[in-house]
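Counting from 1 along the sequence shown, just add 20 to a position and that's the residue number in this note's numbering.
Please note that a few of the clues may not be correct.
Taking lysine-lysine and the DSS-like style, the derived pairs with C-alpha atoms no more than 25 Å apart in a straight line are [to be verified]: (1) K144 x K111; (2) K153 x K75; (3) K164 x K153; (4) K178 x K164; (5) K85 x K102; (6) K75 x K85; (7) K78 x K102; (8) K231 x K111; (9) K164 x K174.
Since the hints were made in silico from the structure, they are not lab data.
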Amino acid sequence: MEIPIASLKGKTDSFQKTNIPEQESVLPLVELSENVNFSIQEGNVALTFDDGPSKFTKEITDILKEHDVGGTFFFIGKNVEKYHDSIQYVKSNGYSIGSHSMHHHNFTNLSVEQQEYELLHTNKLIENITQEKITLFRPPYGSKNEITIELMDKTNTKMVLWNADTEDWKSQNANEIVNYVVNSKTSGSIILLHESQAVIEALPRIIEHLKNQGLHIVSLN
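Please work from the sequences and hints to get the whole structure.
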């Protein structure tokens, strides 16, 4: 489906920004070295949360903070205005933030200009709140093509995919989400979760299990 591309004044400015600092965190952190990342170093595990900001963002942040573990949030641009305070809350607590596009369209159906808009406009909205450069991106549905890869190079952005999909959006059941993690190989994993009540209920048990495995639960950068 074609989507209209709004005029974005100074759109290309985002390619040259140097005055916005990159995110800093005092939490356990893993630096991503590849342009496209499915996993991280063994001994670590990353909890990642898609489709916010939402009414669940602050509570997820509080759970991570209570257990002193890292986490990474991928925000959708169209949600930013309604939940801008949640973005600031995540940032002020030291968690990593990435873009999840503006409208959650499949990137393989978008033109060069549309992909640029979906990434850059979302980055700009988030950066206006956090005053920190966004360098992480997760394409909706994991959708990507050569245009997307070239855009990552052009913008010095790291694409974050996953190798552990809880399918929490499908079940919406806390026990099933926990069971998936318990029965999966978690060392070196990037675990895909979505902001929801079921994830809030599952998260303390997931964290307990990962800690019992001796894993470092990290933020991504």
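Hint check:
For the given pair, K144 sits about 15 Å from K111 by alpha-carbon distance, which is consistent with the 25 Å threshold. Using a Cα cut-off of 25 Å, the hinted pair K153 and K75 holds, with the two alpha carbons roughly 24 Å apart. Between K164 and K153, the direct Cα distance comes to roughly 22 Å. Compliance with the 25 Å bound is thereby established for this hinted pair. Among the hinted pairs, K178 with K164 is consistent with the structure: their alpha-carbon atoms are about 13 Å apart, no more than 25 Å.
Proposed proximity of K85 and K102 is supported: the alpha carbons are some 23 Å apart, at most 25 Å. Restraint check: the Cα-Cα separation between K75 and K85 comes to about 17 Å, which is no more than 25 Å; the hinted pair holds. Of the pairs offered as hints, the one joining K78 and K102 holds, with about 14 Å between alpha carbons and a cut-off of 25 Å not exceeded. Our distance criterion of 25 Å between C-alpha atoms is met by K231 and K111, whose separation comes to about 24 Å.
Our distance criterion of 25 Å between C-alpha atoms is met by K164 and K174, whose separation comes to about 15 Å.
Checked against the numbered hints given earlier, the structure satisfies every one of them.
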